[in-house]
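Q: Chains as they are written, first to last, in the numbering used here: chain A, 1245 to 1572; chain B, 17 to 650.
By construction, these hints were calculated from the structure, which means they are not laboratory data. Careful, some of the hints might be misleading.
As the list claims (entries may be wrong) - As a list, the in silico PhoX-like pairs of lysine-lysine whose alpha-carbon atoms are at most 20 Å apart:
#, chain 1, residue 1, chain 2, residue 2
1, B, LYS365, A, LYS1559
2, A, LYS1470, B, LYS329
3, B, LYS242, B, LYS255
4, B, LYS351, B, LYS329
5, A, LYS1524, A, LYS1470
6, A, LYS1487, A, LYS1460
7, A, LYS1526, B, LYS329
8, A, LYS1309, A, LYS1523
9, B, LYS644, B, LYS167
10, B, LYS324, A, LYS1470
11, A, LYS1523, A, LYS1506
12, A, LYS1362, A, LYS1388
What the hints assert, rightly or not - Residues from chain B that keep clear of chain A, each with C-beta distances beyond 12 Å, as calculated:
#, residue
13, LEU86
14, TYR318
15, ASN504
Said to hold, decoys possible - In silico contact screen, one side only, chain A against chain B (beta carbon under 8 Å); selected entries:
#, residue
16, PHE1355
17, PRO1503
18, ASP1514
19, LYS1526
20, SER1567
21, THR1572
Using N, Cα and C, we set each Cβ at its ideal position, and we do this for glycine too.
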Amino acid sequence: MALPPPDPQFVLRGTSAAVHTLHFSCGGPESDIPLLFSGSENGLIHVWNLKTHRVDTALDGHGRKSVYCVETMGGKDRLLSQGRDQRICLWDLAEGRTSVTDSVFTEHVGFCRFSLLKVAQGRWLMAMAARSLEEVQILELPSKTSVCTLKPDVGAKLGMPMCLKLWQLNCGSQPVLLAGYEDGSVVLWNVSMGKVLSQLVCHQEPVMSLDFDSEKAKGISGSSEKVLSIWSLNEQQNLQVYKTHELVNAGISDITIRPDKKILATAGWDHRIRIFGWKKLKPLAVLDYHTATVHCVSFSDHSNPRDRLLAAGSKDQRISVWSIYTQT
Amino acid sequence: VCFIPGGLDCSVSFVSHVLGKVCVHGRQKEILGVLVPRLTDLTKSDCIWQRICWRLVECVPDRWMEAVVLGFVQRAPGADVLSRLLGNLVVKNKKAQFVVTQKMLLLQYHHTTAVLQNLLGYLSLDSLRRTLLLRVLQELLETWSSSSAVKHSPAEQQLYISKAILICLSHLKDPEIESCRHELLTSVMEGVKCHLDSSLPQLRHLGMVVAESISLKINTEGPVLKFEYEEDDETRELKSLLVQTPPFCVTASLPDDDRSEQAGAARPLVPESNEKPYTAAPVMPNEESDAELDSDDDLIPYDISEDKELTNKTPGYIRDCIEVLTGSRSEDVDKWEATVKALESLVRKNPAATREVSVELAKILLHLEEKTCIEGFVELCQRAQVAVLTTDPIPVAKYLTSQFYSLNYSLRQRMDILDVLVLAAQELSCPKFHGKTKHSGTPKPCIQLLPGSDSSKDWRRIVDERIKSKTRRFDMGQSCVELASCPNEFNSVAGHFFFPLIQHFDRPLTTFDLLGEDHLVLGRLVHTLAILMYLAVNTVAVTAMGKALLEFVWALRFHTDSYVRQGLLSCVSSLLLSVPTERILADMTEELLETQSWLGDVMEKDPDGDCRRLALQNLLLMENLKKKLEAVPS
Chain A
1245 MALPPPDPQF
1255 VLRGTSAAVH
1265 TLHFSCGGPE
1275 SDIPLLFSGS
1285 ENGLIHVWNL
1295 KTHRVDTALD
1305 GHGRKSVYCV
1315 ETMGGKDRLL
1325 SQGRDQRICL
1335 WDLAEGRTSV
1345 TDSVFTEHVG
1355 FCRFSLLKVA
1365 QGRWLMAMAA
1375 RSLEEVQILE
1385 LPSKTSVCTL
1395 KPDVGAKLGM
1405 PMCLKLWQLN
1415 CGSQPVLLAG
1425 YEDGSVVLWN
1435 VSMGKVLSQL
1445 VCHQEPVMSL
1455 DFDSEKAKGI
1465 SGSSEKVLSI
1475 WSLNEQQNLQ
1485 VYKTHELVNA
1495 GISDITIRPD
1505 KKILATAGWD
1515 HRIRIFGWKK
1525 LKPLAVLDYH
1535 TATVHCVSFS
1545 DHSNPRDRLL
1555 AAGSKDQRIS
1565 VWSIYTQT
Chain B
17 VCFIPGGLDC
27 SVSFVSHVLG
37 KVCVHGRQKE
47 ILGVLVPRLT
57 DLTKSDCIWQ
67 RICWRLVECV
77 PDRWMEAVVL
87 GFVQRAPGAD
97 VLSRLLGNLV
107 VKNKKAQFVV
117 TQKMLLLQYH
127 HTTAVLQNLL
137 GYLSLDSLRR
147 TLLLRVLQEL
157 LETWSSSSAV
167 KHSPAEQQLY
177 ISKAILICLS
187 HLKDPEIESC
197 RHELLTSVME
207 GVKCHLDSSL
217 PQLRHLGMVV
227 AESISLKINT
237 EGPVLKFEYE
247 EDDETRELKS
257 LLVQTPPFCV
267 TASLPDDDRS
277 EQAGAARPLV
287 PESNEKPYTA
297 APVMPNEESD
307 AELDSDDDLI
317 PYDISEDKEL
327 TNKTPGYIRD
337 CIEVLTGSRS
347 EDVDKWEATV
357 KALESLVRKN
367 PAATREVSVE
377 LAKILLHLEE
387 KTCIEGFVEL
397 CQRAQVAVLT
407 TDPIPVAKYL
417 TSQFYSLNYS
427 LRQRMDILDV
437 LVLAAQELSC
447 PKFHGKTKHS
457 GTPKPCIQLL
467 PGSDSSKDWR
477 RIVDERIKSK
487 TRRFDMGQSC
497 VELASCPNEF
507 NSVAGHFFFP
517 LIQHFDRPLT
527 TFDLLGEDHL
537 VLGRLVHTLA
547 ILMYLAVNTV
557 AVTAMGKALL
567 EFVWALRFHT
577 DSYVRQGLLS
587 CVSSLLLSVP
597 TERILADMTE
607 ELLETQSWLG
617 DVMEKDPDGD
627 CRRLALQNLL
637 LMENLKKKLE
647 AVPS
């Protein structure tokens, strides 16, 4: 008899608004407090102390416009946040400071989250949707210089970029970008040359979220329909559909693969978080806690495997934190 | 007093005289308290004593017979004892017969059920007396089925007669029932009609219970009449009278049944415990084989059988609701059900959108028929209507009050309109707690207008509370929680609720005649007006409302239906409580004086107990008003 799914280890309340994005920062030394950053619809970014389960600081930098993406840039002292005020802000959080040191005015009015990739010590690449509806811009941080602009062909009719993922096979190789578009296709871009390497139609509806495992060269994308699409990248850098998995209810807001590549989590519009095994996409668990759409899921980066957590933020203003499959 | 036994011819007439005189002077309790038990013992097995006893009562002079017979009937411990004591007195003596068959049953109604049982049981125990029993039953049924009796006699008397009928029925044997079957049937038909016509729920229940019981007796095989009503103590008591329990029940068989039941219960337990070990075993092998398939995937899945399709067919917008309810796509019953359930909260969350379509929504809800069987459909519909009315009071109130007086609505719909108006008025006039409306916690309003409620009792409680609150207290006592104050939303719309309802009551339509047959709706209307008046305290329109209401009450004050009269008296109470004293005395002095004399009349002569009580309360309120005025230095 299979066990019933576990309950959340704890629930963070107090954002007073729907939670759109989450990011853990727990990889530091033992003495450091593990943190969780959350961005909400009321424009605030809350820094949660995972020991006390309380908010340490609240950052207000987007003029009360919804924050839909947060990510740390090399440690917990620097945070990038993206909001509906069309800005991406860089925060300095060292030694208790809470100030915006820099910002990029993206002029993007959609919801496409930026993607960050560390290419060298002190150098990052950031992919973000730009002003023009179909374009993706790559910037180098912290210099904010534009590396290139990825513009699809005129007849392509891809629509808006919905989700982005920058990756590189290993430290020295070329960075590439996977972008999911409004028309349901996933496109692989060569960043340095600004060219399309491969394009694959994965869904009938817009691609809401995607994630990629560079080791196995396999990726997964979710959309507003009932199907999860798993595709792979072969040696010729071509995308091929590997498998599809049909869900019970339509709508996925977010997908993320755990750093150890063993499991992945999906955030559903049907209020449920689903855990699958990454190897064969075996359904492992359905976590039914939230009472409204789950907007985001995120795995923690704890160095000790047993401490690993999964966090989910929902429209019901709560963040549920789970400890699941930590034994492997 | 001692008697000489053994064949001597004694004159007991002297004793009878003494007994009679004592009883007539009101000393029944003392003398019969001693005499009756003694005689009971003596007459238990001795025939001679029985005959002496009979002689005793027969010799009581006629002018004192009533007191003696009454005393005996009340004091005898059972019908068989009474039979032994009185013998065939009722057959032989005209006065006794009159007392037993007419006076105690039809003219008096204060006797207890036990006394009734004694009396009727006594009549049934001898063949000579049984003819009297049948006659009594006929007369009782005549009274029960007479419409004027139902309308004008007090509820307590009607209860008494119903009890007597049921006890008679319980004593009748089948051949006797057969012989008077025809009369029983006719009286049931007539009587049921009068009882169901009444506006008081208690009388309706009485009628239903008696009719059911009679039908049970006369149709021993075949379908039996069955009414739907709520069981309460009264109906249960009445039904229990139908069955005569013999004094000794056979209890010997019960212990055996108990034992066999226990033995039977013990047996099924044993096989169950045997089954359990079998189910536990197969689980282990399955899991292991599953794990072996994924050789390096040692992740054991959790139970995901609960992951079902989410069917959320609730519309998110008001206009979608309207579309669904007007049935343009009538196949999707799930959607229809979800809409009905979600409508109230949608209306409350989207006041601006509701205001755009308020009258249309009100129309749809008024005519909404139950398509599928939803639990609490009537309440859901009503709550949605109240929500619409409170969100956009003026146009919707205008619509509803105009529909109340329109053609082609059922009585039920008209009464629903009144209920909705009252509930909405109550919500508008109550302060809201921190933005949450009061009714979200309490499913029913504190002033109930749903059928079967006894509004007169609620009124008494409310009026009492109000009177209490107006009396001065010198001890502060515990302070109650201060409610957050906010503007009285009922102020601007009270007139719109009230005046249209009061306007056309005397204009009959082809299908709706308030002053004629539809007096039940008139009663409801009057009660509604009373409540609206009560809720209009502290509004600007209250004085105008008061004047109009007083005129209305004056026009209807002699109405024959007691429910309507109770409503009229409640109107006067609300008026006295809501309209500020200065305004009452300034604008309505003559009307008030006339009302006061009418109230005095009602208090003394009205057949209905509740009406008398309400009239008394109104007079007390008026006294209070006068005293208050005198207390204020002018």
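Q: Decide, hint by hint, whether the structure agrees.
A: We went through each hint and held it up to the structure:
1. LYS365(B) x LYS1559(A): Given that 20 Å is the threshold and the Cα spacing comes to 18 Å, the pair holds.
2. LYS1470(A) x LYS329(B): The hint holds at about 17 Å.
3. LYS242(B) x LYS255(B): Since the Cα atoms of LYS242(B) and LYS255(B) sit roughly 13 Å apart, the hinted pair holds (cutoff 20 Å).
4. LYS351(B) x LYS329(B): 5 Å, holds
5. LYS1524(A) x LYS1470(A): The given pair, whose Cα atoms are some 18 Å apart, holds under the 20 Å limit.
6. LYS1487(A) x LYS1460(A): 14 Å, holds
7. LYS1526(A) x LYS329(B): Not OK: LYS1526(A) and LYS329(B) at ~30 Å, beyond 20 Å, violated.
8. LYS1309(A) x LYS1523(A): Roughly 39 Å between the alpha carbons, so the hint for LYS1309(A) and LYS1523(A) is violated.
9. LYS644(B) x LYS167(B): Violated. LYS644(B) to LYS167(B) sits at ~39 Å, over the 20 Å cutoff.
10. LYS324(B) x LYS1470(A): Cα-Cα ~13 Å, so holds.
11. LYS1523(A) x LYS1506(A): Measuring from Cα to Cα gives roughly 7 Å; hence the hint holds.
12. LYS1362(A) x LYS1388(A): 14 Å, holds
13. LEU86: LEU86(B) clear of chain A: closest Cβ-Cβ about 73 Å, beyond 12 Å.
14. TYR318: 4 Å, violated
15. ASN504: 32 Å, holds
16. PHE1355: 20 Å, violated
17. PRO1503: Because about 16 Å separates PRO1503(A) from the closest Cβ in chain B, which is outside the 8 Å limit, the hint is violated.
18. ASP1514: With a closest approach of 4 Å, the ASP1514(A) hint holds.
19. LYS1526: Holds, about 7 Å.
20. SER1567: Hint violated; SER1567(A) Cβ to chain B Cβ min 13 Å, cut 8 Å.
21. THR1572: 6 Å, holds
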